[in-house]
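Participant: Given next are the chains, with one letter for each unit.
There are 2 protein chains.
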Amino acid sequence: MKMHNFNSGPSILPQEVLAEAANAIHNFNNTGLSILEIGHRTSYFEAVLHEAQQHVKSLMGLGNDYEVLYLHGGATTQFMQVPMNLLDANATAAYCDNGIWGNKAIKEAKLFGNVAVAASSADKNHTYINKQLNIPANSAYLHYTTNNTVEGTQWHHIPDTEVPVIADMSSDIFCRPMDFNRFSLIYAGAQKNMGAAGVTLTVIKKDILGKISRAIPPIMDYRKHIEADALLNTPPVFAVYVSMLTLRWIVNNGGLVAMEQKAKERADLLYNALDAQPLFTPTVAREDRSLMNAVFVLPTPELEKEFLDLCKQQGMVGVKGHRSVGGLRVSMYNALPLSSVQAFCDLMTDFSNKHA
Amino acid sequence: MKMHNFNSGPSILPQEVLAEAANAIHNFNNTGLSILEIGHRTSYFEAVLHEAQQHVKSLMGLGNDYEVLYLHGGATTQFMQVPMNLLDANATAAYCDNGIWGNKAIKEAKLFGNVAVAASSADKNHTYINKQLNIPANSAYLHYTTNNTVEGTQWHHIPDTEVPVIADMSSDIFCRPMDFNRFSLIYAGAQKNMGAAGVTLTVIKKDILGKISRAIPPIMDYRKHIEADALLNTPPVFAVYVSMLTLRWIVNNGGLVAMEQKAKERADLLYNALDAQPLFTPTVAREDRSLMNAVFVLPTPELEKEFLDLCKQQGMVGVKGHRSVGGLRVSMYNALPLSSVQAFCDLMTDFSNKHA
Chain H
1 MKMHNFNSGP SILPQEVLAE AANAIHNFNN TGLSILEIGH RTSYFEAVLH EAQQHVKSLM
61 GLGNDYEVLY LHGGATTQFM QVPMNLLDAN ATAAYCDNGI WGNKAIKEAK LFGNVAVAAS
121 SADKNHTYIN KQLNIPANSA YLHYTTNNTV EGTQWHHIPD TEVPVIADMS SDIFCRPMDF
181 NRFSLIYAGA QKNMGAAGVT LTVIKKDILG KISRAIPPIM DYRKHIEADA LLNTPPVFAV
241 YVSMLTLRWI VNNGGLVAME QKAKERADLL YNALDAQPLF TPTVAREDRS LMNAVFVLPT
301 PELEKEFLDL CKQQGMVGVK GHRSVGGLRV SMYNALPLSS VQAFCDLMTD FSNKHA
Chain X
1 MKMHNFNSGP SILPQEVLAE AANAIHNFNN TGLSILEIGH RTSYFEAVLH EAQQHVKSLM
61 GLGNDYEVLY LHGGATTQFM QVPMNLLDAN ATAAYCDNGI WGNKAIKEAK LFGNVAVAAS
121 SADKNHTYIN KQLNIPANSA YLHYTTNNTV EGTQWHHIPD TEVPVIADMS SDIFCRPMDF
181 NRFSLIYAGA QKNMGAAGVT LTVIKKDILG KISRAIPPIM DYRKHIEADA LLNTPPVFAV
241 YVSMLTLRWI VNNGGLVAME QKAKERADLL YNALDAQPLF TPTVAREDRS LMNAVFVLPT
301 PELEKEFLDL CKQQGMVGVK GHRSVGGLRV SMYNALPLSS VQAFCDLMTD FSNKHA
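Just so you know, the protein sequences line up as chains H and X, in that order. Going by this note's numbering, the first sequence opens with residue 1, and the numbers climb by one from there. Going by this note's numbering, the second sequence opens with residue 1, and the numbers climb by one from there.
Just so you know, the hints here were simulated from the structure itself, not pulled from any lab data. Bear in mind that the values here come from a model prediction, so they are computed numbers and not experimental data. It cannot be assumed that every hint is accurate.
Which copy is meant is left open, so a pair is good if it fits within one copy or across any two.
[What the hints assert, rightly or not] Below, computed lysine to any residue pairings styled on SDA-like, alpha-carbon distance capped at 20 Å:
{"id": "1", "residue 1": "K312", "residue 2": "Q261"}
{"id": "2", "residue 1": "K2", "residue 2": "T31"}
{"id": "3", "residue 1": "K320", "residue 2": "R248"}
{"id": "4", "residue 1": "K104", "residue 2": "N130"}
{"id": "5", "residue 1": "K107", "residue 2": "R223"}
{"id": "6", "residue 1": "K320", "residue 2": "W101"}
{"id": "7", "residue 1": "K124", "residue 2": "N30"}
{"id": "8", "residue 1": "K131", "residue 2": "T161"}
{"id": "9", "residue 1": "K110", "residue 2": "D221"}
{"id": "10", "residue 1": "K131", "residue 2": "I208"}
{"id": "11", "residue 1": "K110", "residue 2": "I216"}
{"id": "12", "residue 1": "K224", "residue 2": "D268"}
{"id": "13", "residue 1": "K107", "residue 2": "P218"}
{"id": "14", "residue 1": "K110", "residue 2": "A215"}
{"id": "15", "residue 1": "K110", "residue 2": "S213"}
{"id": "16", "residue 1": "K107", "residue 2": "K264"}
{"id": "17", "residue 1": "K124", "residue 2": "K262"}
{"id": "18", "residue 1": "K104", "residue 2": "A228"}
{"id": "19", "residue 1": "K262", "residue 2": "A122"}
{"id": "20", "residue 1": "K312", "residue 2": "L347"}
{"id": "21", "residue 1": "K107", "residue 2": "K224"}
Assemble the whole structure, with the sequences as input and the hints as a guide.
Facilitator: See the structure below:
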């Protein structure tokens with residue numbers, strides 16, 4: 001059966017990436033060794049890491065004032081590592097509270113310094129992006145989540161502020177061109193648009209480092225990672241390799257302009273179908289709809305279950321909403337073919353006709 | 001060319017594990033999806049995680065007073081996470097200083113509390129295990145490294161003490177039966193005997209938790225991981241899968257008794273050859289020789305280079321010593337066939353004859 005992978009993450013990867021990754025497990029670059037068996041301080045792995053770093057800089061249009069690290073620990077660890085490195089105990093950082101992940105980031109930051117919530121959308125269950133920011137002038141930085149995977153909302157501009165901007169881009173990185181030079185720090189778990197689970201991209205503008213007085217454990221200190229040329233400890237070799245292959249695929253397939261065009265085609269197709277079917281109701285403010293994750297509901301739990309069972313029969317996986325919000329969710333990351341969205345829209349039409 | 005993989009880690013894995021991992025990248029368990037594309041909160045991944053946890057408990061002979069976690073961050077992160085969870089600011093922990101990794105663990109622990117060095121082998125460049133331990137009675141725990149990957153030494157018994165024992169077993173875990181119930185915490189980066197780089201096993205006796213007053217960031221708090229059934233955040237799915245396959249391979253190949261027997265066969269073959277060849281000189285105390293990593297030198301840098309070039313020509317990789325100690329090193333993890341050690345011994349004989 002042809003599968004349609006709408007998983008929210010870990011999620012669909014390009015077929016070419018999967019094929020090359022499987023080959024590398026047998027024999028990596030004709031070394032006669034598996035990618036799982038090579039040392040991380042070999043020229044083989046260094047070439048992988050450097051290519052990945054180069055793709056990141058080139059896709060983002062960044063110069064030498066930025067460093068590209070592949071770190072362990074997932075974006076959740078960055079919730080801690082960012083304030084540990086950048087927020088002094090008596091200082092204040094501004095955070096946007098627009099969803100479950102931003103909220104977790106706020107909780108971790110409070111262990112290290114003061115948090116000013118610049119804006120919250122909690123009043124409407126995070127079904128919109130609150131863009132009216134109140135940022136204290138002395139804030140060490142502003143932190144926000146560019147795309148809310150769980151709630152299905154996305155920022156469509158970069159917040160305008162004088163303080164350094166830090167973004168969790170886990171679920172929409174590399175889906176569109178942005179002025180990446182406006183960020184002082186960007187991080188993203190790889191398992192949506194840039195690889196498999198097990199590694200986190202962290203891009204750092206060097207001038208924000210070294211400004212706090214806290215003693216930082218070396219393994220958590222961005223400066224130590226930079227000094228060690230991004231090889232402070234054994235990296236997750238295979239996860240870095242898969243991310244490099246995925247970035248290479250983005251570059252070879254038209255870069256971020258092409259990624260955005262395809263994302264808009266997928267999202268237009270899906271949201272137009274949702275708007276046309278009275279049985280299916282999108283839950284978020286129209287202007288804040290995510291290009292990556294569409295969240296919607298059916299009129300009753302019974303209909304939701306019936307529809308989800310139908311999805312399963314049709315090889316459509318990942319359609320159930322996040323356990324914290326319920327409903328349905330279709331995730332449409334870079335590697336998802338338009339034909340999968342079309343198949344889903346067709347199923348919605350059939351289902352609506354049946355229940356008309 | 002037939003390769004002989006003597007890498008110190010990431011290192012050789014069983015051929016069966018590599019074949020199954022490559023298959024799972026194409027189609028995992030007939031799901032029609034890649035293992036890289038499945039959600040971590042699916043029954044598919046839960047079965048993988050639970051099987052891995054079960055193999056760990058069964059190989060170690062542990063009961064329900066222990067929890068098995070697969071964590072991000074490598075053993076280096078455990079150097080921090082152990083004292084963060086277990087060492088109060090005014091308390092003391094005892095550490096053995098028998099090599100580069102134990103030393104790094106000591107440095108991280110000092111950021112959290114007091115460290116008493118129970119024994120050090122620094123006086124002889126860590127070429128032996130100092131087993132005369134001086135452990136303050138009020139120590140929160142004793143921390144030691146069971147096998148020193150870089151220096152080639154290994155503990156052949158468990159230190160006898162009343163305080164909780166914590167061991168970094170990264171480079172010799174599952175190479176032999178041990179009384180694992182004598183440990184309060186065991187951790188190991190997976191990339192030697194139990195998988196590929198990108199995940200760290202942490203086995204915790206629950207009664208040591210919750211005894212300190214520090215506010216622990218949730219993502220670093222062992223208790224939060226246990227409460228979340230080892231799925232606090234997105235795990236490194238593929239790395240956990242490869243570890244599960246490797247543990248399954250150990251179980252299906254005779255368990256720890258068989259692993260030890262094979263380790264001794266490999267080590268006896270190699271050390272006997274080293275002792276017989278005057279050109280090759282092992283650097284560590286005979287009684288502390290490691291079953292996993294044999295470290296030795298040749299009389300001159302020129303001869304070392306000539307021999308290393310020969311190794312390369314013969315498809316023998318990973319023979320160069322760690323950058324911090326130099327010389328040569330042959331790592332002999334569980335998956336290494338005896339025939340590779342034999343090939344290496346033959347090469348030593350040829351080389352010695354040529355230079356006789």
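Participant: Decide, hint by hint, whether the structure agrees.
Facilitator: For each hint, the structure was consulted:
no., hint, result
1, K312 - Q261, "neither (29 Å within a copy, 49 Å between copies)"
2, K2 - T31, "between (34 Å within a copy, 11 Å between copies)"
3, K320 - R248, "neither (31 Å within a copy, 32 Å between copies)"
4, K104 - N130, "within (17 Å within a copy, 45 Å between copies)"
5, K107 - R223, "between (24 Å within a copy, 17 Å between copies)"
6, K320 - W101, "within (19 Å within a copy, 45 Å between copies)"
7, K124 - N30, "neither (55 Å within a copy, 42 Å between copies)"
8, K131 - T161, "within (12 Å within a copy, 59 Å between copies)"
9, K110 - D221, "both (19 Å within a copy, 16 Å between copies)"
10, K131 - I208, "neither (25 Å within a copy, 46 Å between copies)"
11, K110 - I216, "both (16 Å within a copy, 12 Å between copies)"
12, K224 - D268, "neither (44 Å within a copy, 40 Å between copies)"
13, K107 - P218, "between (23 Å within a copy, 9 Å between copies)"
14, K110 - A215, "both (17 Å within a copy, 11 Å between copies)"
15, K110 - S213, "both (17 Å within a copy, 17 Å between copies)"
16, K107 - K264, "neither (33 Å within a copy, 51 Å between copies)"
17, K124 - K262, "neither (30 Å within a copy, 63 Å between copies)"
18, K104 - A228, "between (30 Å within a copy, 15 Å between copies)"
19, K262 - A122, "neither (31 Å within a copy, 60 Å between copies)"
20, K312 - L347, "within (11 Å within a copy, 58 Å between copies)"
21, K107 - K224, "between (25 Å within a copy, 14 Å between copies)"
Hints 1, 3, 7, 10, 12, 16, 17, 19 from the list above are not met by this structure, while the remaining hints are.
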